[in-house]
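All chains should be built: construct the whole structure from the sequences, respecting the hints.
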Amino acid sequence: MQGFGDAFAAAFALIVGFDADLVEIVALSLRVTLSAVFIACLIGFPLGAALAVGRFPLRGMLTILVNALMGLPPVVVGLGVYLMLSRAGPLGVLNLLYTPTAMIIAQAILVTPIVAALTRQIVADLDTEYHETLRSMGAGRGARMATLLWDGRFALMTAALAGLGRALAEVGAVMIVGGNIDHVTRVMTTAIALETSKGELATALGLGIVLMVLSIALNALLMGAKATSERMAHA
Amino acid sequence: MRFLLAAALFATPAMATDYIVVQSTTSTANSGLYDAILPEYAKTSDTQVRVVAVGTGQALRNARNCDGDVLLVHAKAAEQAFVSEGYGVARHDLMYNDFVLVGPAEDPADTQGLGIHDALAAIAAVRAPFVSRGDDSGTHKKERALWADTDTDPTDDSGRWYRETGSGMGATLNIATGMGAYTLTDRATWIAFANKGDTRILSEGDEALFNQYGIILVNPAKCPSVKADTAQDFIDWMLSPTGQSAIAAHTRDGEQLFFPNAE
Chain A
1 MQGFGDAFAA AFALIVGFDA DLVEIVALSL RVTLSAVFIA CLIGFPLGAA
51 LAVGRFPLRG MLTILVNALM GLPPVVVGLG VYLMLSRAGP LGVLNLLYTP
101 TAMIIAQAIL VTPIVAALTR QIVADLDTEY HETLRSMGAG RGARMATLLW
151 DGRFALMTAA LAGLGRALAE VGAVMIVGGN IDHVTRVMTT AIALETSKGE
201 LATALGLGIV LMVLSIALNA LLMGAKATSE RMAHA
Chain B
1001 MRFLLAAALF ATPAMATDYI VVQSTTSTAN SGLYDAILPE YAKTSDTQVR
1051 VVAVGTGQAL RNARNCDGDV LLVHAKAAEQ AFVSEGYGVA RHDLMYNDFV
1101 LVGPAEDPAD TQGLGIHDAL AAIAAVRAPF VSRGDDSGTH KKERALWADT
1151 DTDPTDDSGR WYRETGSGMG ATLNIATGMG AYTLTDRATW IAFANKGDTR
1201 ILSEGDEALF NQYGIILVNP AKCPSVKADT AQDFIDWMLS PTGQSAIAAH
1251 TRDGEQLFFP NAE
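These protein sequence lines map, in sequence, to chains A and B. Going by my numbering, the first sequence opens with residue 1, and the numbers climb by one from there. Going by my numbering, the second sequence opens with residue 1001, and the numbers climb by one from there.
Since the hints were made in silico from the structure, they are not lab data. Bear in mind that the values here come from a model prediction, so they are computed numbers and not experimental data. Please note that the accuracy of each hint is not assured.
With a cut-off of at most 20 Å between alpha-carbon atoms, the simulated EDC-like pairs for lysine to aspartate or glutamate come out as follows [to be verified]:
hint, chain 1, residue 1, chain 2, residue 2
1, B, LYS1141, B, ASP1151
2, B, LYS1043, A, ASP182
3, B, LYS1196, A, GLU24
4, B, LYS1196, B, ASP1107
5, B, LYS1076, B, ASP1156
6, B, LYS1043, B, GLU1204
Here is the structure:
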């Protein structure tokens, strides 16, 4: 049986050897995931804020829906996006299936509800706190949303990080819409699935360790940026 | 800053000039066949060959949706149906190998050396754990046909001694190794598989275990998106003496994995 020792040796060899294929796979993972999270934030921040302070019909229903969609299984998202982007699907002419763009779309769909739901909670809490102040200043709803989002920007980073974790870890969606094509759509998680199916468990686990290291580094980087900007904001 | 980052992330380097998508069975990809032969093809063509490796059943469905230019699978009856329904232009024999029955070294059903039908009957008789792909792949179709020949319907015992994983060959082999179960696998995946544990080949060599691979051009009349010329060029190369000898030259641990037999 291949054990954890072999896995750490494999991970070490992969990192130290600076394997060209590994670099390509890591780069694509980052490109897909960061793009997806960026899009999810563009949609999720205003959507969450609107759900928190907006007054419109079906707001309650929509809030429940967004919260529920946080648990969307990646493989279902993958299947849905596949059916849309397939040549036989409504968006087939765009020729996006089996491209990194398709993977970004799938992950953005997966992550947007997470960002939106967490944003709604953060903004709603801030709104309770500052409601009177903002009202006395005569701020309209749009201005209130913008002010609260800006005020909650450090907390919102946590929402983005939660989305990042989800996108970096999922394999179901990118496997279906990307196809795990070597040098084109192979990312960390699909490479791990492939190595597992080859029975190369040590290599698979080694890649998993690399992914963990990457995730820790990314989180540390963003938390560091958050701490620095918080200090500057309060200085 | 953030927008600069995003712009950098979205910027895609110019993609390779031309590419085709091959919807493929997993055994060819998992055993490293494409890694071995595609560099050879690259010497004669600028076309990038993008391989999507899924089970034969899913490959056929994806190709029916026009999501591929070439189909490379191993389920002759299903392939012929694909062509006769107009989804494929023509089917060509490409290469073959064989299926093997693998199982735990202790061999609780005493299948060692039996013909495949007797071996399966012995497994059913003692209700020894058997792992089935259960995913409509080429290997799964073959396994069901073999069971049908034995007049046993193991799916009656699905969830008991007969376990359907609904997964790829590699995942199924991992499960068989993990629980000491029997399973049917193509020989190429088996030879290349690294997590064999105590699992061994127990029944092999039966005529019924023959495994033919076919290659098909997806029909541009049904799927206008098919890059017929470049895809046909790849198929022609695979069937040519050069392509066939590249297939024959691919070995793992000194064993040849696929035997070319294009006409």
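Here is what the structure says about each hint:
With a C-alpha separation of about 16 Å, the suggested pairing of LYS1141 of chain B with ASP1151 of chain B holds against the 20 Å cut-off. Under the criterion of a C-alpha separation no larger than 20 Å, the hint pairing LYS1043 of chain B with ASP182 of chain A is consistent with the structure, at around 18 Å. This hinted pair does not check out: LYS1196 of chain B and GLU24 of chain A have alpha carbons roughly 30 Å apart, beyond 20 Å. Proposed proximity of LYS1196 of chain B and ASP1107 of chain B is supported: the alpha carbons are some 15 Å apart, at most 20 Å.
The straight-line distance between the Cα atoms of LYS1076 of chain B and ASP1156 of chain B is roughly 27 Å, outside the 20 Å bound, and the hint therefore fails. The straight-line distance between the Cα atoms of LYS1043 of chain B and GLU1204 of chain B is roughly 37 Å, outside the 20 Å bound, and the hint therefore fails.
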